[in-house]
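Trainee: Given next are the chains, with one letter for each unit.
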Amino acid sequence: MNIVVLVKQVPDTWSERKLSDADHTLDRASADAVLDEINERAVEEALLAKEAQGGEVTVVCMGPERANEAIRKALSMGADSAVHVSDEALHGSDAVQTARTLAAAIGTLESVDLVIAGNESTDGRAGAVPAMVAELLGWPQLTYARKLDTDGQSVSIERESDAGVATVEANLPALVSVTEKINEPRYPSFKGIMAAKKKPVSTLSVADVGLSADEVGLGSAPTQVVSSAPAPPKEAGVKVTDEGEGGVQIVEFLSGQKLV
Amino acid sequence: MPAHRLLTTTEATDLLALTREIARDEIAPTTAEHEAAEHFPRDTFRLLGKSGLLGLPYAEEHGGGAQPYEVYLQVLEELSSASMTVGVGLSVHTMSCFPLAHFGTDEQRARLLPDMLGGDTLGAYALSEAHAGSDAAALRTRAERTGDGYTVTGTKCWITHGGVADFYTLMARTSDDDISCFLVDGATEGLSAGPPEHKMGLTGSPTTELHFDGAPVAGDRLIGAEGSGLKIALTALNSGRLGIAACAVGLAQAALDLAVDYARQRHQFGQPIITFQGLEFLLADMAAAVHSARATYLDAARRRDAGMSFGQEASVAKLVATDAAMKVTTDAVQVLGGAGYTRDFPAERYMREAKVLQIFEGTNQIQRMVIGRHLAQV
Numbered sequence: 001m002n003i004v005v006l007v008k009q010v011p012d013t014w015s016e017r018k019l020s021d022a023d024h025t026l027d028r029a030s031a032d033a034v035l036d037e038i039n040e041r042a043v044e045e046a047l048l049a050k051e052a053q054g055g056e057v058t059v060v061c062m063g064p065e066r067a068n069e070a071i072r073k074a075l076s077m078g079a080d081s082a083v084h085v086s087d088e089a090l091h092g093s094d095a096v097q098t099a100r101t102l103a104a105a106i107g108t109l110e111s112v113d114l115v116i117a118g119n120e121s122t123d124g125r126a127g128a129v130p131a132m133v134a135e136l137l138g139w140p141q142l143t144y145a146r147k148l149d150t151d152g153q154s155v156s157i158e159r160e161s162d163a164g165v166a167t168v169e170a171n172l173p174a175l176v177s178v179t180e181k182i183n184e185p186r187y188p189s190f191k192g193i194m195a196a197k198k199k200p201v202s203t204l205s206v207a208d209v210g211l212s213a214d215e216v217g218l219g220s221a222p223t224q225v226v227s228s229a230p231a232p233p234k235e236a237g238v239k240v241t242d243e244g245e246g247g248v249q250i251v252e253f254l255s256g257q258k259l260v
Numbered sequence: 001m002p003a004h005r006l007l008t009t010t011e012a013t014d015l016l017a018l019t020r021e022i023a024r025d026e027i028a029p030t031t032a033e034h035e036a037a038e039h040f041p042r043d044t045f046r047l048l049g050k051s052g053l054l055g056l057p058y059a060e061e062h063g064g065g066a067q068p069y070e071v072y073l074q075v076l077e078e079l080s081s082a083s084m085t086v087g088v089g090l091s092v093h094t095m096s097c098f099p100l101a102h103f104g105t106d107e108q109r110a111r112l113l114p115d116m117l118g119g120d121t122l123g124a125y126a127l128s129e130a131h132a133g134s135d136a137a138a139l140r141t142r143a144e145r146t147g148d149g150y151t152v153t154g155t156k157c158w159i160t161h162g163g164v165a166d167f168y169t170l171m172a173r174t175s176d177d178d179i180s181c182f183l184v185d186g187a188t189e190g191l192s193a194g195p196p197e198h199k200m201g202l203t204g205s206p207t208t209e210l211h212f213d214g215a216p217v218a219g220d221r222l223i224g225a226e227g228s229g230l231k232i233a234l235t236a237l238n239s240g241r242l243g244i245a246a247c248a249v250g251l252a253q254a255a256l257d258l259a260v261d262y263a264r265q266r267h268q269f270g271q272p273i274i275t276f277q278g279l280e281f282l283l284a285d286m287a288a289a290v291h292s293a294r295a296t297y298l299d300a301a302r303r304r305d306a307g308m309s310f311g312q313e314a315s316v317a318k319l320v321a322t323d324a325a326m327k328v329t330t331d332a333v334q335v336l337g338g339a340g341y342t343r344d345f346p347a348e349r350y351m352r353e354a355k356v357l358q359i360f361e362g363t364n365q366i367q368r369m370v371i372g373r374h375l376a377q378v
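Just so you know, the sequences run in chain order L and G. Using UniProt numbering, the first residue of the first sequence is number 1, and each one after it goes up by one. Using UniProt numbering, the first residue of the second sequence is number 1, and each one after it goes up by one.
What the hints contain is simulated information worked out from the structure, not anything from laboratory work. Hints may be right or wrong, so weigh each one.
Just the calculated beta-carbon pair ranges, DEER-fashion [to be verified]:
1. L/V225 - G/M308: 51 to 61 Å
2. L/S227 - G/M308: 56 to 66 Å
3. L/A231 - G/L7: 27 to 37 Å
4. L/E184 - G/R140: 45 to 55 Å
5. L/E51 - G/L234: 41 to 51 Å
Each residue gets a CB set at the ideal place from its N, CA and C atoms; glycine is no exception.
Could you build the full structure based on these sequences and the hints that come with them?
Mentor: Encoded structure:
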């Protein structure tokens, strides 16, 4: 079976992350960039499915030239090839435009059975792109998977949300988004790093995937960030000393915060 | 702040990124605990092996990574920043593979090296004896010819990985005048390790005596010609010293990072202590020591990679880097003040770990002797 994994390069959560002052888009230069951790898990899940069922794993990524580092990481873990949609026109694209671009990129590939994505990225955190991509492809979407099984004909997941756990099943082709509970991703090996250098990566422009430049990017984005501010520094919490009245004081505090 | 490295290939960039990820996520979190409990992290070496990091500077045809020393040493440096037991362990393992890789026959290399570089096994280097430290040529362990092979009797000292290694690269006397090199399987009958020494630092790494009590070693485990063992040992040490220099820089970098981080956060007299010139200059000297030590080992490594002689440069690198590590770790304790003297912070452990670097793989007095002899020869 042929599996596509959607991957994104994000600023390392270990470094300080900023938005640019000019247009409130991500300041990519200010932080180290890495393959999003949730995408490592998506790649791992695709590799496990490939190891069980055979087939090929293709990584699809939208991002600036530098995102080829994230693509290389996925390839060094064991993915077979990659499609990199890289175009200046994409700068500032929102979730809808990103989903359109990714769906169009998937459309350039032949016979895709399964798309695996992370449920949300650690930078944008919209958590909407996987569902939008499925909608655009006209495929079933199975989101928030903590477990994935596929026999090559259908896919079944355990979907975990605040409401509980449900088993969801669909025929292929389908899209699955995975949570951080799905697996522990493997480390690449040095052999994998050497092999990744020889794996095919096709770099496509917006036009190459069949979109026009005025459909994507900040200028035509349906949603825009109009202002941003750094998170306020953490303030010291309230200390309750229990002198027989501790329980009452805690309840008073919680009800003051409208938590009980 | 991790060192900002100038790497010339994509695979080196990706290799260093992988190394940092493993060091940060898999090694650093448990180092203090393992060192305090004197626990050798054997599983960490299995992970390094699986990731292809236990054979980096050796040929691909034998399972190595075919990486230049310039790259291998920087991997070693990064691992050492996370754990000296792991860094020194990798350096010793790499040195233990050196005699076979460079002096073994094609047949021996094809038969034995893939397992040694493959990641599942760990090596140790058995040269020193109680009365033969700096004067390695005074060693007394004997390998007597018996039939097709040898019978080894004697006691080795200060063996890193003693008792946990899967193979030992052994120097033993094959006659009154001759020292020879052997590759001995760790499971050999008559071979046993003593209890771990009670050391000042590097407490996660077992250092033991190694007893050979009539241990049989097959004739095809002789590396190089009979009598060439001392030359092989000293050649291996030349490269091994570069490893120790890289370990020292990794340790010094960790101590510098800790001290800078603390000095930025710690306030006295209403301001961060890093803004006081007394500390600023101390930290600047520490950074200069780390940078210059790194430059020194990288220069020696590039000479080695280019096929130039590098013996003198390797000794300079070992001397400069390990003295720098001693100074930087001592100053890190000073920057942290009282906190630095407690075991709640790693500064005091770094300082204890630095001391041995000036002692093993040729004391820094021996390095000066080597450098001096190079000067006298010219």
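Trainee: Each hint needs a verdict: does it hold in this structure or not?
Mentor: Structure-based check of all given hints:
| no. | hint | result |
| --- | --- | --- |
| 1 | L/V225 - G/M308: 51 to 61 Å | holds, 56 Å |
| 2 | L/S227 - G/M308: 56 to 66 Å | holds, 60 Å |
| 3 | L/A231 - G/L7: 27 to 37 Å | holds, 34 Å |
| 4 | L/E184 - G/R140: 45 to 55 Å | holds, 51 Å |
| 5 | L/E51 - G/L234: 41 to 51 Å | holds, 48 Å |
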